[in-house]
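Generate coordinates for the entire structure from the input sequences, incorporating the hints supplied.
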Amino acid sequence: MTVDVGLTVNGAHHDLKVDSRTTLLDLLREHLGLTGTKKGCDHGQCGACTVLVDGVRKNACLLLAASMDERGIVTIEGLGNEQALHPMQAAFVAHDGFQCGYCTPGQICSAVGMLSEIKRGLPSAVTADLEEPMVELQEAEVRERMSGNICRCAAYPNIVAAILDAGKA
Amino acid sequence: MPDTILGQPIDRIDGKAKVTGAARYAGDARAAQPAFGVIVTSTVGRGTITKVDIKEAQAAPGVVLVMSHENAPAQAPFKHEGDRHARPKPQLYEARVHYYGEPVALVVADTFEQATAAARLVRVSYQTEVGAYDLAGSRRLAYTPAELVQGKPDSSLGDFDKGFAAGAQKVDATYTTPYQSHNPMELVGSLAQWDGDRLTVHCATQMVDASHHSIASTLQIPLENVEVISEYIGGGFGGKLPIYGDAILAALAAKQLKRPVKVTLTRQQMFSVTTHRAATIQRVRLAAGSDGKLTAIAHEVISQSARLDEFVESAAASTRSMYAAPNRLTRHRVVPLDMPVSDSMRAPGDAVGQLAIEQAMDELAYKLDLDPVELRLRNEPQEDPEKHIPYSTRKLVECLQKGAAEFGWDKRPRTPGTLKDGQWLVGFGMAGAIRGNYRRPATAKVRMDENRHVTVEMDMTDIGTGSYTIFAQVAADALGVPIEQVTVRLGDSSYPQTPGSGGSFGAASCAPAVHDACMEIKKKLDAGQGPGNLQAEAKSAPGEEFKKFSQYSYGAHFAEVGVDAATGEVRLRRMLGVFDAGRIYNSKTARSQLIGGMIWGVGSALHENAVVDLRYGQFVNHDLAGYHVPVHADVPAVDAIMLPGFDDKSNEMGSKGVGELGICGAGAAVANAIYNACGVRVRDYPITPDKVLNGLMRPANVAQQR
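Protein sequence lines correspond, in order, to chains G and V. FYI, the numbering for the first sequence is 1 to 169, going by this note's numbering. FYI, the numbering for the second sequence is 1 to 706, going by this note's numbering.
Quick caveat, the hints were computed from the structure, so don't treat them as lab data. Incorrect hints may appear among the rest.
List time: in silico SDA-like cross-link candidates among lysine to any residue, alpha-carbon distance up to 25 Å [unchecked claim]:
| # | chain 1 | residue 1 | chain 2 | residue 2 |
| --- | --- | --- | --- | --- |
| 1 | G | K17 | V | K152 |
| 2 | V | K152 | V | F546 |
| 3 | V | K588 | G | N81 |
Quick caveat: nothing in here was measured; it's all calculated off a predicted structure.
Shown next as structure tokens:
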């Protein structure tokens, strides 16, 4: 069964006919050629496919493309490019926040989404005082909030350093 | 060596490509109208396929091909001889099932969704046989393998029994390590495309040359008709040394369909279709005089090996060179099981061997009432104790001393269970680290154009280690050009041959070849040629130094953990490693590898365990929700220090292997910290809360905590 979907990806509008079983991840990769978003598990367990949907970080493998009608998607390609890096991308390079680089687009999209969650005052499991908004970006908060993004190379200390650095800006 | 870009912590030259999604991994390769293949795997561990009913699958929408052993094209036969990564890997070639999760069919359709749905419609019937899946329960099947990568399976020196009996304090303990799965973030997958009789395969392989041979020999076509491309690889850790069924099946299907075919394993299939780290049972016996000097060391290893294909987990090999003792014994036995094929996983042998021996050393230190650092210092050998040859370079003592000082080891509670922080029992632990240093022949091609732009080409790979960057540094240094003027091209079988990435030998093997080729260019420049149109190729190979000198890289780990007194949960609080890996080409990327390895050690101590269903031989927790690896929340301050060094016996550039060194001993430091925190010794890895809690509830411990 095919479904009509009209969605915006990195600012460009697309009207597509897709198999109703197609995930947003496969739509991005196989239909739009945006291969920066990676498939690591296809089950929402690794975070490699994290993208921003209307500004909120989501696992693209857990979203059906059919449910994305009229939504705005930003992928790693939409954050910046090699000539003009997003500050989070630049911080990842400076802090060596990756090795193989496969989880990196997901880590970066997740980090960007996470910073906006903090800005909006959303608490996490390690937030001590739910009444008080976080004044300063804290390492423990970053680690907790980024735990849905696995990095098998285990660049974690460098990823956290990069996020703290970019988050200050 | 100042004023050189070598060793500098420069950013990865492929960094911008990786953070923008521009880096192309195998699954990102483009092709016109590709078909998608999905593999169907066996649901029995041992038996024979009696029937493959493909009617329903074949009739499903979009399906263009269903392949099983009944209709798969002829391929070269499976054989045990030869390089296990380069030899034929025939697929769907017989009705026999060798393990649970073995490919038994391939369904190809116009779209991924169609192929995935149709794969569920293939009905495979089996004549099931009783299989052996339990390592401990099948010990009677153990046999002595012919050899290890590091030499003979057994070794002995002096009289172990006598030396053991003579010790004032002794440890005789058995440690077990579970199956582990590499789980690189990138799924193993291939895109195969034919142009007449020429085949191109985009795949994720650490060893392009071996995979090139493997694909060509399986398909029985000339090597020059195959191109293997592996430009970016999303993590390997040994799990992508060879190619797997996806590459062969994609090639077979693409040939038949006259159309590009993409086949990617699911995360679940990664556990059985690719390799894993074998489970081990290790008995360690140590004895020492009251002066803390070892009188005897024995390390005996039993590991799983697939009945289909032998692999020996050489866990005791480095024990032969680590500490001094006059009486010694090591043994390796393997138990053939009807399990998926085991192979190298980050620091094969050493990673699990040191989970055992470095915990045993800690146990001995407590028995002697000696600082565990001091115990190791007192057993520092002057030469390799079994080979009786000098070490190339060995800075274990400096690693231990520097680490102890930087970590604040003197604040370690001497008596376990005495340092508390609220609900947490806090402990310090340490371990030594040793990893074999290897080198293989490699060839590099270097070109310089009229603008002095340098291009380096090798079939070497970058699995995240930093290969692209360090070879650019080597070339920039040798030719005196800015690094921006160097392009490094890797991961294509049309480039000169190298061993690829494995055994931490990539840099030590390839950097000298790059350097030598650059020197050839330099000679030509000095002779007045160029700079345009200059080209040189250089081959570099290990010499006699690997026989004349005992070659290892070394390190020392220091860990602080908290153990929840009520639940037994263990949290790492901080960790420091100090390493001796010879000359470091890039201190930023090398540090990343080392801390990554240390965190793998933390995972092996606390999390990782591929659980076998002993009835069927299946890895039951075969996904990232069930198979736990460290995540952000598990990793606080972890740092690594690299001692300056230069090992001219390893290679003329002075480097030793880095990528696997960090994991060696790291898990034992965590285990030892747990003991120091709460007085509970867990010898059965991983050290999960249930095991710690069991120990905490023992009467002696309960009394101590009050």
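How the hints compare with the structure:
1. K17(G) x K152(V): violated (62 Å)
2. K152(V) x F546(V): Within the cut-off at roughly 16 Å; holds.
3. K588(V) x N81(G): holds (23 Å)
Checked against the numbered hints given earlier, this structure breaks only hint 1.
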